[in-house]
Amino acid sequence: MNLAQVTAKRIAPALERQWLLGAARFIVLICVCAAMTLLTRSEEYGFIFLNVGNLLNIVRNASILIIIGVGQTITLTAKDVDLSVGSVLSLTSVVAAIMLNRYGIAFPVAICTALLIGALLGLINGLLITHVGLPPFIATYGTLWVLFGFAYLILQGAVIYGFPAGFRVIGNGTLLGVPMPIIVMAAVFSLGYFVLYHTTLGRRFFATGANIETARMSGIKVERVVIAAYVISGFLAALAGLVLIAYTNGAEARIGDRYLLPVMAVVVMGGTSLAGGQGNLPGTLVAALIMAVIHNGMNILAVPAIWQSMVVGLLIIASVLTDQWLRRRA
Amino acid sequence: MKPNSSSLLIRVPSAAWVILLMMIVFTAINPRYLTLDNVVNIILQNAVLLILALGATLVILSEGIDLSLGSVLTLSGVTCVFVMKRLMESGSSDARAMLVGVLVGLLTGTLMGVTTGGLVSIGGMPSFIASLGMMGVGGALALVLADSTAIYISNPVFSFFGEKLDKSIELPLMQYLSMPTFIAVFVFSLVWVMLYHTPFGRCIVAIGGNESGARLSGVNTILWKWMVYVVAAVLAAISGITLAARLEAADSIVGVGWEFDAIAATILGGTSFAKGKGGIGGTVLGVLVIGVTRNGLNVIGVPSLWQPALTGTIIILAIVFEVILSRWKEGRR
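Just so you know, the protein sequences line up as chains R and V, in that order. Numbered as in this note's numbering, the first sequence ends at 1018 without a single skipped number. Numbered as in this note's numbering, the second sequence ends at 476 without a single skipped number.
This is chain R alone, in the form it adopts within the complex:
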């Protein structure tokens, strides 16, 4: 038996388990959809859940989660975590909103500035972790509060409504009948998939996450890899914010707050391990759809918004526990 065969034999069970888990996630998605279809059925309107409008709405909401989730999946693959995504989203969209609405700056400039700020904030997170040496969750939790402070300062507690039509296309427009957020999400997802699984940089994320010392010994500049992960995460959070405000046509300082818990839930539910070195991008996609379906169902059923953060919290705990249990059995 040569080396390739030995390796194949050892990897096979792991791959098979991956495949099974992926299938299981799909089955959960279908079950949740079925459950919501039945639960939201009414005598008057029939199966509201299955309306094309509602389904598109779900995918549109999932798109925002997926765009942020791709960045978070990459940071978790490198065994880091970005808790500041929600605040990065708030701050960048607030900056874009001010530029568009108050100063009438052309929208391509506003978009580029917001994305640049997002990437820059990612860079700051990365530097705090690699060069100052703060643990990732401390550094990013710190920036979470600082950035919220700045978003609040810039908007002075106000809410901004109304953006130019050209800008709103990225949230509101359609291309060949498909809403733009879904197109942006598809582009981000494909690009993320390509980078994570088919480039050297992607391999380096896995290597750094699996064992940072080994990665360093093998000549990978791990600091740069970690910084790259945070820059990508910040950039994507900014992009998600732009799509979000273009769709809702309004921005406020706390707009990103409600994304932190769902994004963490989606990524861990998707099978990306907190232990690092195991990014699962397709899993993130399916998990985001599950989350969006649950949210949508709770909205149709008029579950008060305050219960939703409890559901999300419990989902995080349940999915990490499942992940831990599977890992122990393996």
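Hints in this document: simulated from the structure, not taken from any laboratory. Cβ atoms here follow ideal geometry from the backbone N, Cα and C, with glycine treated the same way. Careful, some of the hints might be misleading.
Said to hold, decoys possible - Computed footprint of chain R on chain V, listed as stretches where at least three residues anywhere in the stretch have a Cβ under 8 Å from a Cβ of chain R:
(1) 270 to 280
(2) 284 to 293
(3) 455 to 468
What the hints assert, rightly or not - What the simulated footprint calls covered on chain R by chain V, stretch by stretch (three residues with Cβ under 8 Å from a Cβ of chain V suffice, anywhere in the stretch; the number is not a length):
(4) 817 to 823
(5) 827 to 834
(6) 840 to 854
(7) 986 to 999
Based on the hints, put chain V in the right spot on chain R.
Coordinates of chain V only, in the frame set by chain R:
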């Protein structure tokens, strides 16, 4: 070691330098800053944060983190006041209602801690994610219970635990003493004894220093790790209840972000991750750094809009300063 020019710089914790620097700056801008009244105010305002930060320090000493402490603070305050109000409406005496309310609040905190600790120690979850989940759960419960607003309470016996003593005792100098400060001092001494004179303290420091090493030398790591989260949550509950007494109300989002202040105070106080190094003495200084900053910005008249951004930036810069300085000190030893 022969004393040299930098020995003073090394022996005094860097947080003390930060406090000194900021006090000089603030006093230069507004001389009213350095008055006894204001110093007493700073202490009263930060007694609650100190209690919370002591819990955060214990968790960080065991190489974990608890992001749910702010939620626990909120939830305990809300359950305490909720129960107290119901009892008073049904005709209980003030003292009895307070006693039951406080017990229920403490119990709520304990239950939250038991859950988070169980998830971390038995479930094997990374602490930041377990506590992030519990943050969602606790926050939601508080919102539901308080109906997304604040519950006001007027119970003189309860309020006594949140005010300066001159309101109830007619003696000179009483305006400089307050119940929250007494509670904080009492809790600090308790935690001090627990940390430095009981197996609890030795075990969590051992776990923080080297978990598998501690397990191999016979420390019941699962039990003690669990206990750390329970103790931290009980401390968060005490701070939540004290805060409710001080405000005479329990707000459903009052604790949002407090866990960051508590964690920041811990790190500013020189407790660091991954080494089991540091202690609660430094945390007092860390809390003072945050308190002095907050109060100072107020006294020199920075508009409230600017305060979240400025305080956050100062705290992060102070943390960076502390971490870099402590690395430099390590290098000199």
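Hint check results:
1. 270 to 280: It holds: at least three residues are needed, and the segment 270 to 280 of chain V offers 9 whose Cβ sits within less than 8 Å of chain R.
2. 284 to 293: Held - the segment 284 to 293 of chain V has 4 residues with a Cβ nearer than 8 Å to chain R, which meets the minimum of three.
3. 455 to 468: Three-residue rule met by the segment 455 to 468 of chain V, so holds; n is 8.
4. 817 to 823: holds (count 4)
5. 827 to 834: Three-residue rule met by the segment 827 to 834 of chain R, so holds; n is 6.
6. 840 to 854: Coverage by chain V holds for the segment 840 to 854 of chain R (4 residues, Cβ < 8 Å).
7. 986 to 999: holds (count 6)
Violated hints are absent here; each numbered hint is respected by the structure.
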